[in-house]
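Peer 1: UniProt numbering puts the sequence shown at residues 1 to 803.
Warning: the hint list may mix true and false statements.
As the list claims (entries may be wrong) - Cross-link-like lysine-lysine pairs, in silico, DSSO-like; alpha carbons within 27 Å at most:
hint, residue 1, residue 2
1, 455, 468
2, 460, 159
3, 295, 105
4, 105, 469
5, 105, 455
6, 159, 105
7, 455, 469
Because the hints were derived from the structure by calculation, they are not lab data.
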Amino acid sequence: MSLLQFMIFIPFIFSIVVPFLYRYFTPRIHTGWFVLPVPIIIFLYLCRYIADVSNGKVFIYTLPWIPTFNIYFTAVVDGLSLVFALLISGVGSLVILYSIYYLSKQREALHNFYVYLLLFMGAMLGVVFSDNAFVLYVFWELTSISSFLLIAYWYQRRKSRYGAQKSLIITVFGGLAMLAGFLMLSLISGTYSIREMVQKAETIGADSLFLPAMICILFGAFTKSAQFPFSIWLPDAMEAPTPISAFLHSATMVKAGIFLVARFTPVFGGNAEWFWIISITGTITLVYGSLNAVKQTDLKALLAYSTISQLGLIMSLLGLGSVSMYTGMGDESSVYAAAVFAAIFHLINHSTFKGSLFMVVGIIDHETGTRDIRRLGGLLHYMPISFTLAVIGSFSMAGIPPFNGFLSKEMFFTNMLSISQLNVLQLETWGILFPVIAWVASVFTFVYCMILVFKTFTGKRRRIELDKKPHEPAVGMLIPPAILAALVIVLFFIPNTAAEYLIMPAFNAVLPSIAENGGFQITISPWHGFTAELFMTMGVFVFGVILYRTFKKWVRIFRNYPSFLTLNNFYDRWLEKSESFSMKWTNRYMTGSIRHYLIYILVFFIIVMGGASLILNGISFDTTQDAPINFYEAALITCMVIAAFAVMFAKTRMVSLIAVGALGFIVAMFFVIFRAPDLALTQLVVETVTTSLFLLCFYHLPDFGKRMGGLSFKAVNFIISLGVGIIVTILALAANGNRMFPPIVHYFENAYKLAGAKNIVNAILVDFRGIDTMLEISVLCIAGLGVYTLIKLKLGGEKNETK
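Could you build all of it, start to finish, from the sequences and the hints given here?
Peer 2: Below is the structure:
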């Protein structure tokens, strides 16, 4: 195992230790102090790769997992995986520091919180570093499970459980679709390695499974990154504690879908369907998120929809940038590839300003007792530092200088305008819609950013309406958002340093064909003269201010939108109908009758095994080597058949039980005939004991009722019994007549020589199958202990009830 792979597993390993640390050190020391070094160590370790990766190096580490099926945990460190891993560990370090001051060590179950958080962190690292598609899927689903646990951390709240359930259903559904896409890709390419799939992109593109595989993988990406119409899970996930929201929904989980699209762009990019699906979905999500954000009255809900909008922006840029791989582009490809560069740049910027804003909103909630904008106002007088941090984060998201969001937003406008002038993929007709929609969404982005700052911190003081007296939090809670806010400003002034060491290596990983053809050079600058992008920005500012000043007049249009037409309502109705349908059908077959359950099992057995035998031509017998059937053997078989019929058509339980006992004793006689006296003895003892026990039990039971004595009741039993008997007989004869391997009996004939045992049966049970026998005995011991424990618990419970 390489050191990098060990770093990926450190969060999983340390999560085992966290409960013990919590038990022995709480409440003296906050558990978060023990967890904080984990992401810091990972972040510092990953920093050592920055220089080498910026020079074009790629590091590959392989660890066997299931080598028989060619599944290896291959970790790849390239520009794309490194950027995401630095965000995961870097923002994760700040989130854990923030959580130490946000979560009370007396009132919160911190061991659960940090175990879930570490599981999620390790899963995200596994996702971004995995080269094997199926290893990536394992980590992918682990992010869904761990995020479910994090969102439901306050499980006592109904909304937390609802939000966790919604996120799990949607993301797991997408994950399963993604798995189907991976299976199709592996069938096409003959490999599980993503890097090898990239090398076989032309072969994959010519296959008939190309489009289904692409759509399935995009389902996984869109559900995880909250793209329309799957975005409904993200606002409800805001019921989680703010540190979780800051980590999952600004820097990590929602970015996993972005990562997946970027990673598979070399495989699917240049295809018209890939371009249109991603570009249109991202653009719709951009508008949908910004329009919904302006009508929110909860600060975290506003940030949730703003995250959806920003994710749509990044996704649309990735879609637009993929057009550079189109074969008809020629020398212009590098120009349009700048959209991918802008997407990566904005991804980094979004993690900084949105992480800071989530933490500021958490501070407001923590110190005032509410996130309701209608109850807030005038906080500037009480929380000037928080106000400053909110201004930096919000203005960056709005695209106002001197903050990093301005730079990536200008690049966004540039690429939207460039795409509108492209004369391939019918963009000469529909391309003009991209810059128009982008500008409209940016106007509403500006509006909700102003709402977040000025509705919360300026205006009339409302201290009386608050649950707590507002004030600045502890310094430790301000440090993480302050660091992120500082990065917002620093990246504005030195963007090209970040471009050289982080963005360009990631770009080269997303568009290796551009990099192989010499790449392209780009200089990030806040001023390019009086360009169309600048006028678009000025228009955003002017119209944004107008809309903000007239907010109360037009916001009713959004808030009065019929609730029954919302995506959430469709989801709730679907869930309600699904549960009702499931309950209805479950009640039909879950009758509480053991007989019904046995009928289901046996009929299923008959259909599947019988059908498979017919379809696969498995019904073939070879009786040439079988011994002849003697008269007395035929007589015993006849007696067994008569006893079986007697069981089925007996009118009393006593007669039925006697017939069952007769069957068992006849079987013992067969063991005697076949020279297995020890098995015959065992059969006799077991049959005698069980028959006696059944007689003792059934003596106190009434006779069969009218229903059990009816002809139809017995006819169903007869048909199913006959079917099972025929199928088992056919399978036994077919297996006996079609030997694929030499019989193992000759090996056991040397039992005395191999094991020193004169009794071959005992040798098989004790020596050859010793572990199996030991496990069977262990099962019996565990069952006995379980029964004993239940008896003692029942007695104890009765004593407690009497008290």
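Peer 1: Under the constraints set out in the numbered hints, which ones does this structure not fulfil?
Peer 2: 2, 3 and 5
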